[in-house]
Every structure is written in C-alpha cells, then in structure tokens.
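*Asks:* Those protein sequence lines, which keep their order, are chains A and B. Numbers 1 to 301, taken from the numbering used here, label the letters of the first sequence in order. Numbers 1001 to 1333, taken from the numbering used here, label the letters of the second sequence in order.
By construction, these hints were calculated from the structure, which means they are not laboratory data. Some clues are possibly wrong.
[To be verified] Straight-line Cα separation of at most 30 Å, DSSO-like style, residue types lysine-lysine; simulated pairs: (1) Lys1314/B x Lys246/A; (2) Lys1299/B x Lys298/A; (3) Lys1299/B x Lys1314/B; (4) Lys1294/B x Lys250/A; (5) Lys1299/B x Lys246/A; (6) Lys246/A x Lys1294/B; (7) Lys1299/B x Lys250/A; (8) Lys298/A x Lys148/A; (9) Lys1294/B x Lys1314/B.
So you can see what is in the structure, the chains are spelled out below.
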Amino acid sequence: MVERQNGKERQNPMQTEPQKKNAYFIDAESGAEMARLIDQDRIITQGMGGLFSEQSSLSNIGRILDLGCGPGGWALDVAFEYPHIDVVGVDISQIMIDFANMRAHSQGLENASFSVMDITQPLEYPDATFDLVNGRMIGFLPTAVWPKLIHECVRITRPGGIIRLTEFDSPGNTNSPALEQIIEVFSHALKVAGQNFSPSGRRISIAPMLRRSLQDAGCIAIQQVAHVIDYSAGTEAYQGFRQDWKVAFKLLEPFLLGTGVITHDEFDQAYDQMQLEMLSDDFCAVMFLLTAWGEKPKQGN
Amino acid sequence: MQNTQTWRELLGTILQDPRERTRIAAELSVHPLTLTRWVNGDASPHPQNLRALIRALPQYRPAFLELIPQEGGLIIPEEVSEGGEQQDIASTFYARIFQAASELPNSLRSWSICDLVLQQALQQLDPNRVGMEITVMQCVPPSPAQQVRSLRETLGRGTHLWARELQQRTLFLGAESLAGYSVTTGRPVAIQTREEGQSRFPARWVESEESAAAHPIRHAGRIAGCLLFSCTQPAYFLPSRLALIGRYAEILVLAFEREEFYVFDQIALSIMPAIEEQQRIFSTFARRVTAMVKEAARKQHPLSIIEAEQMVWKQIETELLHLTPRQETDESR
Chain A
1 MVERQNGKER QNPMQTEPQK KNAYFIDAES GAEMARLIDQ DRIITQGMGG LFSEQSSLSN
61 IGRILDLGCG PGGWALDVAF EYPHIDVVGV DISQIMIDFA NMRAHSQGLE NASFSVMDIT
121 QPLEYPDATF DLVNGRMIGF LPTAVWPKLI HECVRITRPG GIIRLTEFDS PGNTNSPALE
181 QIIEVFSHAL KVAGQNFSPS GRRISIAPML RRSLQDAGCI AIQQVAHVID YSAGTEAYQG
241 FRQDWKVAFK LLEPFLLGTG VITHDEFDQA YDQMQLEMLS DDFCAVMFLL TAWGEKPKQG
301 N
Chain B
1001 MQNTQTWREL LGTILQDPRE RTRIAAELSV HPLTLTRWVN GDASPHPQNL RALIRALPQY
1061 RPAFLELIPQ EGGLIIPEEV SEGGEQQDIA STFYARIFQA ASELPNSLRS WSICDLVLQQ
1121 ALQQLDPNRV GMEITVMQCV PPSPAQQVRS LRETLGRGTH LWARELQQRT LFLGAESLAG
1181 YSVTTGRPVA IQTREEGQSR FPARWVESEE SAAAHPIRHA GRIAGCLLFS CTQPAYFLPS
1241 RLALIGRYAE ILVLAFEREE FYVFDQIALS IMPAIEEQQR IFSTFARRVT AMVKEAARKQ
1301 HPLSIIEAEQ MVWKQIETEL LHLTPRQETD ESR
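Here chain A stands alone, though its shape is the one from the complex (with noise of 0.2 Å):
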C-alpha cells in the first residue's frame, strides 16, 4: 500500500468528477499513447502465442468485431492473416479511429474497418451481426458497465457465435519494488475511479470476473486460456515491455495524480525508481492474461 502524505500535495481525486465521458485513464490524442499502443498490440499478440492461439479454426468466422480496437493493431493483424474476415473496429477516439481507419488504408486492407462507438453504451449494431466479437484489454472500464457490455456482445453476435475476452490483473509480478509500487498505484487508481473490481484495490481484478460475466449473459461452452509473458531482462520480451511501461506510466502520471492515491513528488521518484530497476540484469517480471470465450447458444438465449 502507497504511503500517503498528509494530503497538503494531493491532488483532488478524479471520482468527483462527474460521468467522465471517456474511461480511458491516457489521453487517446496523445502521439506517444497511439505509439505504445500500436507496438504494444504487437508484443502482447506474439507473448500470447498468436492472434488466437486458443482457437482450434476460424472456418466459421467471417466478421469479426473488437472492442476498444485503439488505433487498431489487433484489427488490422487480424486483417492481414485472414483475408476472408471481415474485421470491424470500435472505439469512443474519434482520432483512433480516424489513424486505424488511414492504416488500414495504407496497407490496402479492404476487409478492414473502423467506427466511433462508445461501448459502455447499447452497441450500434443489430442482432446477430457478428460471428466473433473481442475484447483485449478493455478491464479499465467502470464495473457498473461490464454486465450490460457482455449482454450487448451477446446480442451482436449470431446464434453460435465467439464471445471472447482477453485481460490482465496486474502489468506484472515483479522482484522491482519501484514497478510493484507504480503497479499498485494504478490499480488503486482505477479503484478510486471505480474502475477496479478488487475489493482492496491492490489488483485490477477483472480477469476473475470473465467467465461469470460470459456466464450471466447467456454464454454456453466457457473455457479459459491462461498466458504468461516473461519480460525479464534477457527475456525476448524485454525490451518492449520495458518500453511500454516507460511511456505508460509516465502518461499515466495525470490519472495518477488526479486520484490522489500519488504525489508528484512520489511519483517522480518511484518513476524514475522503475526505470533504474528495469534495467538491472537481474530484473525479473512476468505478465499473466486470461483468454476467456464462450458461445452463443444456437437456439435461444
């Protein structure tokens, strides 16, 4: 747990804040977030073994939506792999969207398309659309939304049809005091944001949440993958990890102090803590996801 001052450099929490519009906790026109999220696609596909590792075929998959597709580097993958899907990407940037819809553009991805949409909301699309419906990364929405989210996915997708969620509870296990406690900064962020299904705030604590939530929505033949990407030094994740968490938590740093559960001066200091631990040849930190899908029942909901 952070060790708190007596709140004279705090800054006021973001839960006052009424009906935030967006609960992405990074400024979405940030160049350097759709950086970080455009590599980070590519080295969270590749630690979890491929774009569906889990999946034994997709002949029966011919369109495909992703949630919080970001400047969609799942998507566009996706995309190029299997010429025959149909992908569609949604997300509430307008500016996301417009940088995945000129990607897909550029790299003449026909099959490739992409929508403002803002998923805490019914989801614009009619019954049974879709045949597989993702979500990657997504468990920073408020816990208030999640039961109607997955109900909508349900919706979309057509008797038979892939509900499929993937996410984490923490950024890693780590012997890095200085990333232990930049980690647990945010998960009692996104608590104090109402973002966290953790009673304690300690983790993020959505991935227990998947199946049951697949569950209560009507979700048949549930099954769980569980992934683990080691990005210790040495480790050919290493690198991109250590990137990403650098310009992370540094964007971050206004989600963190608008909670209040940081000072500026504590983060500094444990920032800068982080990158000196990180670099260290014995630095050691793994990151563990959990892919849970199930399906549509055929007859019925």
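Fit chain B to the supplied structure of chain A, relying on the hints for placement.
*Replies:* This is chain B only, laid out in the frame that chain A set:
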C-alpha cells in the same frame, strides 16, 4: 508450396481450398471454372484479371511477381509490378505527427515521432509483409571540437523475419556502411541486389537481405543521421518507393532537436568494428548506466536515466573507435 514450379501450379494449390476458390472467383467476378482453366493452361487471364488476382492474394504477391514473368506472353500491369502500394502519406498521419511534435514532452517526443514514422512507413512500404526492416541511424554527438565519428541505431522496426517490437538491437555504423555513405554525401542511395552492394560499397549485409536503401535526415543543410532500409526482396526500392522514403525522412526532422543536426564539415565517419565485436561491449551497457546514475546521486549531481544512457553510449563509441577496424573489402570505395 515450396516445390511450385509455375504460377499456375501455385494458383492450383491455393484453389484446393474451396473457400478461397469461391472468394477469389467472386473478387475477380469470374466463374470458378475460369480459375480452373487458368490452372490447367486452357486459358490465360487478361491484364486486369491478373491485377485483380494478385491483389486478391497479397500474401502470394512476391511469388506471383516472380513466377508470372517466367511464362511468356503474360504482362503484369505496371502499377502492380511497381508496387501497388499507396504512394501518398495521409493527411491524418501528418496531423498526428505535428501534434506529437508540438505537445509531447521532451522525454517522449523523439521516440514517439520515430516510432510512428517507422510503423507507418513499414506498413506502407511493405503492406504484404514480405520482409523489411527500417532503422533510424543517428549521428553520435561528437566530443567538443571533435567531429561526428559514427552513427548509432536508435530505433528499428521490421516485418516478417525482422519483427522488432520485442527486441532492440544496438548497432554502430560508420564509413564502411550504406548508412555512412548516405550521411557523408547527404544523398539518398539504393542498392537493388546483394551483388550490386558488394561492388559499390563495403556494405555489411545481413542474412536474407537482398536490397537496401538509405536516405539522410536533413534540415537546413545539416544532417542528423539517416533512415536505413533492408528488404528480403531484390530490386524492391523502385523510384516510387524511394520518393516515399524521402517524404518519411522529411517528417523525421521533427523528431530531432536543432543541436542534433550537423554540417558536413562536422562529419568524418570512421570505420566501425564488426557487430560481433560491438556486442561484447554492449553487454556492459546496463551495468554502466546504473553505476553512473548511482555515482552521480552519491555526488549529489543527479543524472537522469536518459542523460546517463547518452554518456555511456559515448563511452562505448570511444572504445569501439579504438578497436582494430574491420578489414575493408576489395570492393570498398
């Protein structure tokens, strides 16, 4: 697939998948039997159908471009053989770069702009992911009153064999390299075959590299470094692609500070050791940076990680310059 002799045999293999057969026929607006006739040699596609066929199978584009000309009488439409990629950089991309340049803090600006440019250039120049690597080679800041002696790779991204998001390679290049030539002359240069490169430059080729290009990053008569390209395909850097590379190099100017550009008189690249020798010294990088930061803190003159990294890279360059240079090849100029 590896034993395919003709483009018709390749197409025949692809069409064994009924879904692909149906999809390709639909995209070309032809009957599936027409495809069968092409495979059997009973008919040949018109140029427009040939263009559509190649576009319908982007992952087989390099193979078709190689195999189709082997059959006399078939003409690949020019825009297909030229590349077929989008030749313009979208205004949306320019807008993102300008915004990044104006709004990001110093600690994030250079990396963000370089990363966005490399990612976008890679997608636009290698949409079919045949295998390309793009690196930013930056002039290593000289000691006071000294000249720029080498270029250091600061960021790289690649597709296919050279997928780079997970790994970061560090490399110093000098006068022996294609990048060094581009920086020294201030001119873009392309090598279309491995043989051409070895006859024109003492270039250091990596495995699977068949063509390469370099374009200087220039501003107001000064140079910050260059963009370096490698490709698994020969003759890949056609005029249209080189023009596009030039536009990306212009955008990259925004990633550098004014003092990171040098006039030609300040640049006198040395010959750098082989990568194997460099890597032995690189292994000490992290320990040196950590030690430098801790020592500076102990002396109450704190250094940021970035400052410490720059100082250690400078130390490493000095050590590399004192190593025995690699033997120049007979073809060196």
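*Asks:* Does each hint hold? Answer for all of them.
*Replies:* Structure-based check of all given hints:
1. Note on Lys1314/B and Lys246/A: the hinted pairing holds, with a Cα-Cα distance of about 23 Å set against a maximum of 30 Å.
2. Of the supplied pair hints, the one linking Lys1299/B and Lys298/A is violated, its CA atoms being roughly 71 Å apart against a limit of 30 Å.
3. Distance restraint check for Lys1299/B and Lys1314/B: the Cα-Cα separation of roughly 21 Å lies within the 30 Å cut-off, and the hinted pair is therefore satisfied.
4. Pair hint Lys1294/B plus Lys250/A holds up; C-alpha atoms about 22 Å apart against a cutoff of 30 Å.
5. For the hint pairing Lys1299/B with Lys246/A, the CA-to-CA distance comes to about 26 Å; that is within 30 Å, so the pair holds.
6. Our distance criterion of 30 Å between C-alpha atoms is met by Lys246/A and Lys1294/B, whose separation comes to about 19 Å.
7. The hinted pair formed by Lys1299/B and Lys250/A meets the criterion: a straight-line CA distance of about 27 Å does not exceed 30 Å.
8. Annotation: proposed proximity of Lys298/A to Lys148/A holds, straight-line Cα distance about 21 Å (limit 30 Å).
9. Distance check on the hinted pair: Lys1294/B and Lys1314/B sit about 18 Å apart at the alpha-carbon level, within 30 Å; holds.
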